[in-house]
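Given the structure of chain A, go ahead and fit chain B onto it with the hints provided.
As given, the protein sequences belong to chains A and B, one line each in that order.
Per our numbering, residue -16 is the first one in the first sequence, and the count goes up by one each step.
Per our numbering, residue -16 is the first one in the second sequence, and the count goes up by one each step.
If you're looking for bench data, these hints aren't it; they were derived computationally from the structure.
Certain hints may be false.
Identical copies go unnamed one by one, so any copy, or any two together, can satisfy a pair.
[Said to hold, decoys possible] Straight line, CA to CA, 30 Å or less: simulated DSSO-like cross-link-like pairs of lysine-lysine:
#1 K(-1) x K113
#2 K108 x K(-11)
#3 K(-11) x K(-1)
#4 K304 x K22
#5 K388 x K264
#6 K416 x K145
#7 K108 x K81
A quick note: this is a predicted structure, and the numbers were derived from the prediction, not measured.
Residue strings, one per chain:
There are 2 protein chains.
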Amino acid sequence: MGDSVKYLLGEDRIPKAWYNLVADLPEPPPPPLHPGTGKPIGPDDLAPIFPMAVIAQEVSTERWIEIPDPVRETYRLWRPSPLIRARRLEQALDTPAKIFFKYEGVSPAGSHKPNTAVAQAFYNKQEGVKRLSTETGAGQWGSSLAFAGALFGLEVEVYMVKVSYQQKPYRRALMETYGARCIPSPSPLTASGRAILEKFPDSTGSLGIAISEAVEVAAQRDDTKYALGSVLNHVLLHQTVIGEEAMLQMADADAEPDVVIGCAGGGSNFAGLAFPYLREKLAGRSRARVVAVEPASCPTMTQGRYAYDFGDTGHLTPLVKMHTLGSSFVPPGFHAGGLRYHGMAPLVSHVLHLGLIEAKAYAQTECFAAAVQLARAEGIVPAPESSHAVKAAVDEALRCKREGKSETILFNLSGHGHFDMQAYTDYFSGNLKDVPFDRAALERALAELPVVA
Amino acid sequence: MGDSVKYLLGEDRIPKAWYNLVADLPEPPPPPLHPGTGKPIGPDDLAPIFPMAVIAQEVSTERWIEIPDPVRETYRLWRPSPLIRARRLEQALDTPAKIFFKYEGVSPAGSHKPNTAVAQAFYNKQEGVKRLSTETGAGQWGSSLAFAGALFGLEVEVYMVKVSYQQKPYRRALMETYGARCIPSPSPLTASGRAILEKFPDSTGSLGIAISEAVEVAAQRDDTKYALGSVLNHVLLHQTVIGEEAMLQMADADAEPDVVIGCAGGGSNFAGLAFPYLREKLAGRSRARVVAVEPASCPTMTQGRYAYDFGDTGHLTPLVKMHTLGSSFVPPGFHAGGLRYHGMAPLVSHVLHLGLIEAKAYAQTECFAAAVQLARAEGIVPAPESSHAVKAAVDEALRCKREGKSETILFNLSGHGHFDMQAYTDYFSGNLKDVPFDRAALERALAELPVVA
Chain A
-16 MGDSVKYLLG
-6 EDRIPKAWYN
4 LVADLPEPPP
14 PPLHPGTGKP
24 IGPDDLAPIF
34 PMAVIAQEVS
44 TERWIEIPDP
54 VRETYRLWRP
64 SPLIRARRLE
74 QALDTPAKIF
84 FKYEGVSPAG
94 SHKPNTAVAQ
104 AFYNKQEGVK
114 RLSTETGAGQ
124 WGSSLAFAGA
134 LFGLEVEVYM
144 VKVSYQQKPY
154 RRALMETYGA
164 RCIPSPSPLT
174 ASGRAILEKF
184 PDSTGSLGIA
194 ISEAVEVAAQ
204 RDDTKYALGS
214 VLNHVLLHQT
224 VIGEEAMLQM
234 ADADAEPDVV
244 IGCAGGGSNF
254 AGLAFPYLRE
264 KLAGRSRARV
274 VAVEPASCPT
284 MTQGRYAYDF
294 GDTGHLTPLV
304 KMHTLGSSFV
314 PPGFHAGGLR
324 YHGMAPLVSH
334 VLHLGLIEAK
344 AYAQTECFAA
354 AVQLARAEGI
364 VPAPESSHAV
374 KAAVDEALRC
384 KREGKSETIL
394 FNLSGHGHFD
404 MQAYTDYFSG
414 NLKDVPFDRA
424 ALERALAELP
434 VVA
Chain B
-16 MGDSVKYLLG
-6 EDRIPKAWYN
4 LVADLPEPPP
14 PPLHPGTGKP
24 IGPDDLAPIF
34 PMAVIAQEVS
44 TERWIEIPDP
54 VRETYRLWRP
64 SPLIRARRLE
74 QALDTPAKIF
84 FKYEGVSPAG
94 SHKPNTAVAQ
104 AFYNKQEGVK
114 RLSTETGAGQ
124 WGSSLAFAGA
134 LFGLEVEVYM
144 VKVSYQQKPY
154 RRALMETYGA
164 RCIPSPSPLT
174 ASGRAILEKF
184 PDSTGSLGIA
194 ISEAVEVAAQ
204 RDDTKYALGS
214 VLNHVLLHQT
224 VIGEEAMLQM
234 ADADAEPDVV
244 IGCAGGGSNF
254 AGLAFPYLRE
264 KLAGRSRARV
274 VAVEPASCPT
284 MTQGRYAYDF
294 GDTGHLTPLV
304 KMHTLGSSFV
314 PPGFHAGGLR
324 YHGMAPLVSH
334 VLHLGLIEAK
344 AYAQTECFAA
354 AVQLARAEGI
364 VPAPESSHAV
374 KAAVDEALRC
384 KREGKSETIL
394 FNLSGHGHFD
404 MQAYTDYFSG
414 NLKDVPFDRA
424 ALERALAELP
434 VVA
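Pulled out of the complex, with its shape left as it was, chain A reads as follows:
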């Protein structure tokens, strides 16, 4: 038997500030542009849908941004999250590598998402907002915001992609348990929803439509703001508690990572672990390779173009420079719904463009195989999204075995799969197929990218 080790931290060591990588970048990230004017957007453009404190963070170049006390207090419900030395997995792989993972599944909603949901709920509450609107696909984000809303006394309205609303009743039940209102999208409650329903009465929805509905509701009601669960700078910022804690715990374990790994859909859990390590790397204090992992069927970073594009399919958002498959690219259905996004966080795209990180893509069945290996060794059943990071870590460990190297691997296990067990059933029954990447569809979508002067 191996003896996996859990590194805990006292609550007094929850970070007191979020880390803003923008302060340390060798060149600043390209600004978001107004889709009408083509000029950089300012705070006023965002004010109808976000609270001022969040907008200030979105554009901040300060290195450290203090975590407000009530947010830190709330983090204490589950933070610091454990860092685990996965010795049982190492033994199962018979590798000389040391494998560590940071486990974010201990949060009440079961993933890293509450790190930002709680912060966003706090700032909105502070500015007198009564209600938050948002969209959710697989449901991880919607349930996290529902949880945060319950704690801070905010109503939460979640537009849930209709097919997920029907297929993921457990996630919906979780949102309702936290007191949120969950609405299948497209809905008759918004103009955007009604427009779709008129044309396509049987539409099963898309994240793009759900975003449009949630943004519309926030823009129209004075007491309502919009909250986003990934992609934007302030979201990535809030997630850096993951990496800051991990550094303290790695020091407790007397270990230094050679490889730092996270899965990336919108990019927030990856950035949360990776950005503090990029700071160390830029300062010459870390030798770690930093690897972002994406699904082979939605390969934004490995197959997409680094270009200005819309964040949504409805073209309501500003233009942001990012790795994108084109906003009209529709990824095939697969089980890691949280990674099913046509773009990537602009900051993650920027550091990839600068060569500070690497990107890798894996097919879903090989990721589930790695997830099952982890579950049988360490007991934790990963979310389908997180299984991509597990697969990359296993691959690095097997490389170490081939090369006879005892490198130290650190990955982010961003959430558990308790609400996604149907995916495991499909995997075991052989009903889970890898979807080949549709290159022709990519070419068509890239041809439609907006032209930016």
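Relative to the frame of chain A, chain B by itself:
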């Protein structure tokens, strides 16, 4: 905003020994009897289905039983579990009471069950057993044993009540992820299963039938033993890590409980928290009232008789003296499947008989209401079973409010409800009804109790 507090312990403070209440009882519990001879059973009677180390613990009168190193090492995957001061819940209830709960949902399988599953897997492995058979109703126990089997390299065969097998695919997927074989019961694989299927081809199964199948398989195969998830002394013993840790954490919090609460189906999570406190109470070092909570529709302790009865409906087990509704009593279907048992652990029954503990019964809708209150305050969604303990704690806190007392309440939150969200959906949709207790059925079942000289 309140500020709930998490009391963690270092892994070095995981208890080194389990506590055996039998050593401190004012009178010994009545022995189990052989159903044929009516005489106390001995180790030889149990040897075909349990390993010797487990049998020794079942009959031990030693106060402390050392936890083997590999079991303690495995506990480190999730133990020590947190103790939480639920200040947000206190504020929501506006009570002067202090509410603490021990949270066992952090285990990989999501409940307290792995505390004993890991120990049983270890002892079986040590004695050369290759395969464990067991039954499961709702699936908490089956998935915990599947997890333990994966860690110790044992095959696990779970006979799952057919109706649960069909209605709880997520629990089944979890067992399969851990590598266990999950068989709907009644099955054609055993004589007991075939006998039922011949008479009732459409049988949806029962825990009684599933026990018969699992025991039969263990008795017939040399390389296979049987594992039970509650009721027996050794199971309760393994759960005392909960109470031992809680005491250290309550000391860290500078708090002493006035009331200690656990839900009780078979009795093991209740005993795990309560028995160490009973030791302190018997020694005059604690003033705590100790309360076991059961469902009003299966009220073993509050409506049953303290008498010798069979542990299963098939009458394969020894006769044990316990609070029972009669082994032929069929509890109505309700959502806390883990509390749907006609009897109660003999040791729990004994201390209730001795007046050392109190028993209370609650209907399921009031328990769900309390569970939702906890979820919205503390973020954790309780398992339907655990919601009974939440309800009792809320009730005590409201009594303190009425009486103007700032008592300290400690309850065991034995598991999360991630795999039981359908129950919450039913609760919110109003489809969850309280089933009135069937007193006539109780009278009929009690009339059939075995006659013991």
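These are the hints, each one checked on the structure:
{"no.": "1", "hint": "K(-1) x K113", "result": "within (27 Å within a copy, 51 Å between copies)"}
{"no.": "2", "hint": "K108 x K(-11)", "result": "between (35 Å within a copy, 25 Å between copies)"}
{"no.": "3", "hint": "K(-11) x K(-1)", "result": "both (22 Å within a copy, 18 Å between copies)"}
{"no.": "4", "hint": "K304 x K22", "result": "within (13 Å within a copy, 81 Å between copies)"}
{"no.": "5", "hint": "K388 x K264", "result": "within (21 Å within a copy, 56 Å between copies)"}
{"no.": "6", "hint": "K416 x K145", "result": "both (23 Å within a copy, 29 Å between copies)"}
{"no.": "7", "hint": "K108 x K81", "result": "between (43 Å within a copy, 27 Å between copies)"}
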